[in-house]
Amino acid sequence: MPGVESVIELDGVGKTYRTGSTEVHALVDANLTIDRGEFVVILGPSGCGKSTLMNLIGGLDRPTTGTVKVGGRDISKLDERGLTRFRRETVGFIFQFFNLVNTLTAYENVQLAAELVHHPMDIDALLEAVGLAGRGSHFPSELSGGEQQRVAIARALVKGAPVMLCDEPTGELDEETGRRVLSLLHQTTHDRGQTVLVVTHNAAIAAMADRIIRLRSGRILTDERNEHPVDPEEVRW
Amino acid sequence: MVGSLLLRKAVRDLRQSAASFVAIGFMVALGVAFLIGAYSVYVNLDRSYRGSYERLRFEDFSIRFNAAPARVVSRLKEIPGVGAVEGRWVEDTALELDEKPGAKMVGRLIGIPVDRPLTTNQLKLLEGRLLGPNDDRAILLEANFAKHHDLHPGEDVTIERNGVRVPFSVVGVVQSCEYLYVVRSKQELISMPDTFGVMFLSEATLGRLYGRLGEINEIHATVSDASRRSSVMLAARQALAPYDPEIPVAREDQPSYQMLQQDVQGFQAYAVLFPLLFLGVAVASVSTMLTRQVHTQRTVIGLLRSLGFSKSAVLVHFLTGTVLVGGVASLSGSVLGIWLADVLSRFYMAQLQVPYPEIVPRWNVTLFGVVVGVLTCATAAFSPSRQAAGIPPAEAMRPVAPSYGSRSLKLDRWLPTGSLLMRIPLRNVFRQPRRTFSTLVGVVSALCLMVMARGLLDSMGSALDKMIGGMFGYDVRVDFVEFQTRRTTETIRSWPGVVWAEGTLELPMEFRKGGRTYSALLNGVEPGSKLRPLVDAHGASIEVPAEGAIFGPALRSRLQLILGDIVWVSLPEQITPEASRAVPIRVAGFNQEAIGTQVYLLRSEMERLFRRELALPGNAITSVAMKVDPAYLADVRRRALDLPHAGAAMVQVSIRAMVQRLVETSRRFVLIMEVFGYILAFATLFNTITINVLERRAEMATLRTLGVSNGQIGRMVAIESLIVAALGLIVGLPIANGFVHLFWQAAQTPEQQELFSFDVQILPTTFLVAAVAVLVICSLALLPALRTVQRMDLAKAVKERST
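Residue numbers (my numbering), protein chains in the order written: chain A, 56 to 292; chain B, 429 to 1231.
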């Protein structure tokens, strides 16, 4: 699409894990370009390499072969310090198990991420946006699963990072709550022009995506554009 | 089937948390090793002494009296219940060694038969040979004295008798069961080989030397039936009535035997208490570690319970792993313990010169140690395992709600404002009470372990200083074998280098109040004595009053004295042939000193009270103590020994060295314990801190995905750990101090407590070293743990559920 900036570029990316004498090819020759503002769903069964793909894009792991560029920067060549700065400034993560710090309140969990960047977003406004106004002083254990995931979304958003990486964000939630979380995610990122990658095995979520990438056995099987994405509220599974 | 699956899970859990369990095992193994090692040493020591006393036919009782014909022994042998009886003449005399000319000392000469073996209190020959019938000028030396002066067969010692010097040739070095621990008398419990030695010579030679041929002044006897000993002692005393016998001394009251028993009992207390401390720390550490492990396995527990596993199955499952570790650790510890017992036993037997050492593995102690090790683990694991089994499944599946709730938020207001990353470590102290508590337990345990042994060593040192500074507040002291007068003191004061000199009249006495009697030294001191300064329990100086006497702590306790009491004081019979007259002395005060068997009275008053019985000259003294310019020390000592009737001259420096040698055995044992304590403290703290970091893997991984750098995480964890360690120091130092006090009291027998009033004195440097060690170990422990966190697979770690 002319005039649209590429945010993520994968060129011949492969990831091989070695366990003793056994080699597992988690990702093989992945080539991919994702544009700014796209909402991409990566689909596939368990063990197909979708989490590996997300981890490589998020700088949590390094590719065995190929290059991963995010925001025009080749992160596969960054050292540990560089990767830390990259994660701080460029990506926001949302995990299946929320990964909140249990000893911090909802507000503080968001604040923790906010303190890492120069121009964070307003925490109260974000908590209100994710529907947690007035719940900021609650600890994770005092929140429901859906509420915890909303804190995680606010935490990922507060840095204003251009890329959001979500690994099974509804995996721990019931359908209704999951739908609300997706809706919130879609709405908040869309408004800010953020690129979102959602890794899931739940095919129903694909209906809301701008683009659907399917993986099988470590290879990109299909890469389709969804011409008619549905409203997240209409997604059913 | 299900059981074996759970066992498999338990084994895999062990493998997964290998580091923690290795640490637990290490602590338990160390505790068990020390329990087996130390207690086996005690058993070996106790059995060796018993065996030695048995083989050398140690007396059941003895009686001292004035000169009696040797044939009285035959009459004593006829008393029903008597086993063997030995009668002998014993004489304390001035002694000189050829190797050390001018170094006068007191020799205790004991006459023994040379034509037959002794039937009681036999001698064990260590070097040379025993006495033969023609050995008129031959002498046997007691081993401690010979060793101290490096004397061997072939060398000479010179005895002084009425100004005549009689040389004797050393033919052998022997051990006597009467003097395994050399004590001159019950009034003088600390005897210096510098100035006092025991030696044996032919009874005929001794009799001729002192004009006492065919006479005896002591009998030592065994009984054939232990249950009749009291009646036998009474009958023996009655048989000796014409010769003014003293009260018979039963075996357990024999000063050397008594001191040795106290030493062994003290050792037993250490051998039990130190391992107990180690195992107690192990229980605390294992328990807190397992509680945390149970916490991390809540979801698994919930799953097991929801699958239908009973509470007892979960309980057994959690106990299994720890008991397995306990078993393996205890067995490993027992191997180390047996080796330790052997090494330490050999060391002690050699140090104490036990005549017949019995060093064998003590299998009952080993078995006991292994059982205690396993029980330690089971006890430590029981509470957390029961807690695990008791969690309702639904609750177990959910993350734990913080117990602090909004209270913690209120506390937060007191914390300094600023970056959340900097505040998190401070807040975690309150918000992670389990972790904080566990770290506190680790720090406090480590402190107790580190302060304990060093505190005991400090207290020993302080007691020594007090004893030397209080009782021996002089540089040189000369004792006379006959009464001297104030003129001698004045002569000494005129010598170059003598800063000050004081004469003292010092005599052993019997003190009686009501039905209680106690033997102690009565010191007649000059008013305002500079060299015998007395202090009360609060350290304030006290003067000996014109009327009445100041009593030491042992007498106060033994006679149950209160101010104003009247105590009846009499001379022991052997000092004066006349029947001793008891005189009343009022209790005018109590002093505090390391060895509390002394009573202080003005010299003039003492002279007035006992002048007639002892035919004392005017201004009588028995010793002169002096402060001497260090440059003149040797010269003054030599001149003191040249004085007429000078028996021995003690130099404070050598007394200190001697006493230090006496406590060296205990000191070395405590040093070994200190090393063990530090190793265990290191293991405890290292383990606690490592687990602190590792159990937060998921949290740290999340922080890293947010963009928090390794450095920032390291700082956070370090600050939190050091804050808790500092809190631990605040809580732990007073606890450790209290612990040393408790330990000190528990480790001393009532007799020792009564006899030696040593207080616990822990030097500030001991606390400082322990505190610095805690902080250093905490910092060191962070390094490998943080390196593990840095190297962890972030992608994998963020998928772990945090608990």
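Accuracy of the hints is not assured; some may be wrong.
What the hints assert, rightly or not - Here chain A is said to cover these stretches of chain B; the calculated rule only asks that three of the stretch's residues, wherever they fall, bring their Cβ under 8 angstroms from a Cβ of chain A:
#1 800-812
#2 848-854
#3 1123-1136
Think of the hints as simulated: they come from the structure by calculation, not from any bench.
Using N, Cα and C, we set each Cβ at its ideal position, and we do this for glycine too.
Hint-by-hint comparison with the structure:
no., hint, in the structure
1, 800-812, "violated (count 0)"
2, 848-854, "holds (count 3)"
3, 1123-1136, "holds (count 10)"
When each numbered hint is compared with the structure, a violation occurs for hint 1 only.
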